[in-house]
Structure formats: C-alpha cells, structure tokens
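Asker: The chain contents come next:
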Amino acid sequence: MKKTLSYLIVAALFIWPATHMALSKKYGFSSWRLGGFGMYATPHPDHPFTGILVILDRTEGGEPSWDSFRRVPILLGGSERSDFFQYYSSLEIWLSPPSASLPEALSLGSVEELRRLRSLAKSIRHIRRTEDVRGLAEILDRRFSDSPNNSLFIILWTRRLDLKGLLYTEGDLYHYRNDSLTKRGRVSSRDQRLPDFLRSL
Amino acid sequence: MAGVAALFAALILASKPRLYRLGFLIFLGFSAHHIFRTFPYTINHMFLETVFIAVLVLFPARETTDSGEALVDGTATRILQIGILAVWFFSGVQKIVQGYYLSGEMFAFQTLFQPDGDLALALRKGFAFLSRYFETPFARTALPIAVPELFQNAHLAFSGVEKAYFMAPAWLIVIAEVFLPVAFLRRSLRNFAVTALVGCQMLVGWMASEYDFSLTGLAILFSFFPDRCRQTYPALAIAALGYFIFESVGRG
Chain L
1 MKKTLSYLIV
11 AALFIWPATH
21 MALSKKYGFS
31 SWRLGGFGMY
41 ATPHPDHPFT
51 GILVILDRTE
61 GGEPSWDSFR
71 RVPILLGGSE
81 RSDFFQYYSS
91 LEIWLSPPSA
101 SLPEALSLGS
111 VEELRRLRSL
121 AKSIRHIRRT
131 EDVRGLAEIL
141 DRRFSDSPNN
151 SLFIILWTRR
161 LDLKGLLYTE
171 GDLYHYRNDS
181 LTKRGRVSSR
191 DQRLPDFLRS
201 L
Chain D
1 MAGVAALFAA
11 LILASKPRLY
21 RLGFLIFLGF
31 SAHHIFRTFP
41 YTINHMFLET
51 VFIAVLVLFP
61 ARETTDSGEA
71 LVDGTATRIL
81 QIGILAVWFF
91 SGVQKIVQGY
101 YLSGEMFAFQ
111 TLFQPDGDLA
121 LALRKGFAFL
131 SRYFETPFAR
141 TALPIAVPEL
151 FQNAHLAFSG
161 VEKAYFMAPA
171 WLIVIAEVFL
181 PVAFLRRSLR
191 NFAVTALVGC
201 QMLVGWMASE
211 YDFSLTGLAI
221 LFSFFPDRCR
231 QTYPALAIAA
241 LGYFIFESVG
251 RG
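The listed protein sequences correspond, in order, to chains L and D.
The numbering of the first sequence is our numbering, which starts it at 1 and goes up by one.
The numbering of the second sequence is our numbering, which starts it at 1 and goes up by one.
Chain L on its own, in the form it takes in the complex (with noise of 0.2 Å):
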C-alpha cells in the first residue's frame, strides 16, 4: 500500500506538470497557476503588460471605425497604479464618440461594480477569460443602457515586449452586441490600421 502510494505521488509528479504544460498551451490559461511547474514560462499573472482595452462605438453596428476613438483616462489615472487598481492592472477605457460620457457614467458606478471591475482586471491571463469578458460587456453595456443601438467592441489586449521591435502587442477582439459575445479574431499592433490608429491618440 505504501509502496504502491508513493509510486503514484512520484508519477503524478511527472504527468501532472507534462499535461498543465500542455493545456496551459492549449487552452491559454497562466503557467502559473493550478500547480504546473512553468513559473516564468509566460509573464506573471499581475504583469502591468497584460490589460484590457475596452473600445465603444456607439455608431449603428459594423466595425470600429478607427479613426474616431479617443482615451479616457478615467481609470489610469495618468499612471499604471490606479485609485482603484491597487496593483498594476492597465485597464483601460477608450471610447467613441468623443461626445460620450463613459467616465461620468462610470464615476457614478457601484463600489460593487468596481471591484467587480478590479477582479476583471486582474483575472486577465487567468482561466474562464470569456466569461471575464462577458462580465465587463454586461457592466459597461448596463451604464448605457438608456442609449440605443450600443455595441461593444472589447479588445482584451497583451502588451508583450519584441526583441524586434521593443513594443508588440496583441489581443483577441469581442463584439458584444444585445446580450450576445461574439469572439471577432485577433488584432495585432502589426494590422496596417492599428499602428495608425494608435499614433494619433
């Protein structure tokens, strides 16, 4: 019995580690978490690298329009360490029209959304990442609720650095649109349109 035990702690040893490398690849979930070995094999879970970027259009459905997307600064506050973020997080908000009046709908948002907003932050290159995403569709989608045809457009971003070109990022685009998540594909700073769109902020 003892021996058969330890037989099974030295081979669980080996397998566990073999199988969480490989989903973790798979699936995209942190090689830091759930007991794998791969500590450092992708950036720490609280990496101020990793973010979301929330883009709002406003407009009747379609694309983003690139062009007309402008900052609000509401939850960086000029910096990577927000009031409300007491960790490095990079949650962003960009909306368009620049008419709009995300931050005054959000500076009016419960504490309880707001934390809800913090663990959304955090919880980025953690499991269940749709579900995050579905969370903070619905939270801003609710904020708006009073204006018709919104649309969503959530890019859940990760900045990584490039040996070639020092800043590289990279994410996956979500349309959410009438309670609905749709995953669009991924953008990356190396799309024609993004790098100008990123510049003229």
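None of these hints come from the bench; they were simulated from the model.
Just to be clear, a hint being listed does not mean it is correct.
[As the list claims (entries may be wrong)] Here are the computed lysine to aspartate or glutamate pairs in the EDC-like style, where the Cα-Cα straight-line distance is at most 20 Å: (1) K3/L / D73/D; (2) K163/D / E135/D; (3) K2/L / D73/D; (4) K183/L / E138/L; (5) K16/D / D73/D; (6) K125/D / E135/D.
[What the hints assert, rightly or not] Simulated DEER-style distance windows between Cβ atoms: (7) K26/L / R78/D: 28 to 36 Å; (8) K2/L / L22/D: 18 to 26 Å; (9) L8/L / F8/D: 28 to 36 Å; (10) A5/D / K26/L: 56 to 64 Å; (11) A164/D / M1/L: 26 to 34 Å; (12) T182/L / A139/D: 43 to 51 Å; (13) F14/L / L203/D: 19 to 27 Å; (14) A18/L / F8/D: 32 to 40 Å; (15) I15/L / W171/D: 24 to 32 Å; (16) G29/D / T182/L: 43 to 51 Å.
Just so we're clear, the structure is a prediction, and the values are computed from it rather than from any experiment.
Beta carbons: idealized from backbone N, C-alpha and C, even for Gly.
Model the placement of chain D on the given structure of chain L, informed by the hints.
Answerer: Frame of chain L; chain D shown alone:
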C-alpha cells in the same frame, strides 16, 4: 497573529520525533486553506509545497518496530528528491515551449518596466552601461518606462548587444534547468549536478525574490548528500515555516 502563533507551534511539534507529523499536519492545513481561499488563482508554489508537506505526513521518517528498534525510512526524502528534480526539469521545458522566457522577454521586461526589485535594479545598471557604451536610443530613455508612455516609445528598438544581454542569461538558466536533472541520472555526474543545482537554486531564488521556496528547495537538495535523510525533516520544517510566514504575512 494567531496564524503565526500556530505556525510556530507547528514548527516546535515538527522538531519533536514523536509529534512531527502533527506539526506537518498543521502546515498542511494552512496550505490547503490557502489553496481553497485563492482557487483558481492559486500560484503554483502553494500546490507544490502542499504536495511536499503531504508526502512528509504520509511517510513518517521514523518507525518503531515491535522490538522497540527505531528505523529510519527514507521514502519521503526520495520522493521529494525526485520531486525537486522534476520541478527543475519541467520548469525549463515549459520555458522552451512557451518561448516568453527564452526570447529574453522576461529580462527585458524587468529591465525596462519593473519599478523595483533586486533583479530589476541590477539588470538596469548593466543595461544602462551597455546603452551608453554603444550609444543606443535607450541611452537617452529614462527607465523604468511608465505604462502610459509606452506608445510614445514605440519607435525604440534593441541593438544586437542589448538583445544578447537579455537572451544570454535566459538561455543559460533554461539549459541548466533541463540539463542538470538529466545529468543527475548519470552516476558520474551526480555530485556535479546536485552541487550546480544548489547554486542555481540560490541564484534563481535571488533573481525571482522567491526566498521562501528557495529554502524548501535547498533543504531537499542538501538531502542528496549522504546520510542526511534524517536532517531533511527539521530543515523542511524550517523551510515550510519560512514559506508560510512569507506567504501569509509578507504578501498579505
């Protein structure tokens, strides 16, 4: 405070030949509670330490026969030794699979963006020297770069020597992580592998500021040296205490 007192009590119990399993059982309770409290965001280390402590509880170091003769059982030590070699090996393999570490990105991040920490400060000194010596654009860039200023710095690119500065230590560490546990399998290289791993454990512990796990790792690695099986248990108790104090108090 009550938690720290319980940990000290566990340490005292763990040092008593007849009661040490109870001490480790308390440690096990703490780690299980921490995993439950933080799941699914539990950092890998807590799972690993929990398995190690569970091994110490399941396989006692001393057993007394019917004739009263005390026996030393090295089962737990052997499992922990295999465990620490697996940790090093898979840690290296996963870094190769994911690419982030191997590309030097981890060191580049620490250098350019990490606001504090021993490793970041040390890396920045060397990087600043290189940048000035080779007159790269980074020589005129204030470090660390703040996140909001990232887009303004998108034009910056590393020179070859700066890339090498980030990639060389990453490759050396990954090679050591994969090679040393494999080298251990060869009897003639065993002493070299263990000695090198002790050095790597201290180096990596400093680099990552993971002093807590380093204690555990070193305690297990020292057990590879002959006739040290019994000493491993109190050493691990001290390591476990250090770990929980760091984890519970130091990190909130």
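Asker: Which numbered hints does this structure break?
Answerer: 10, 11
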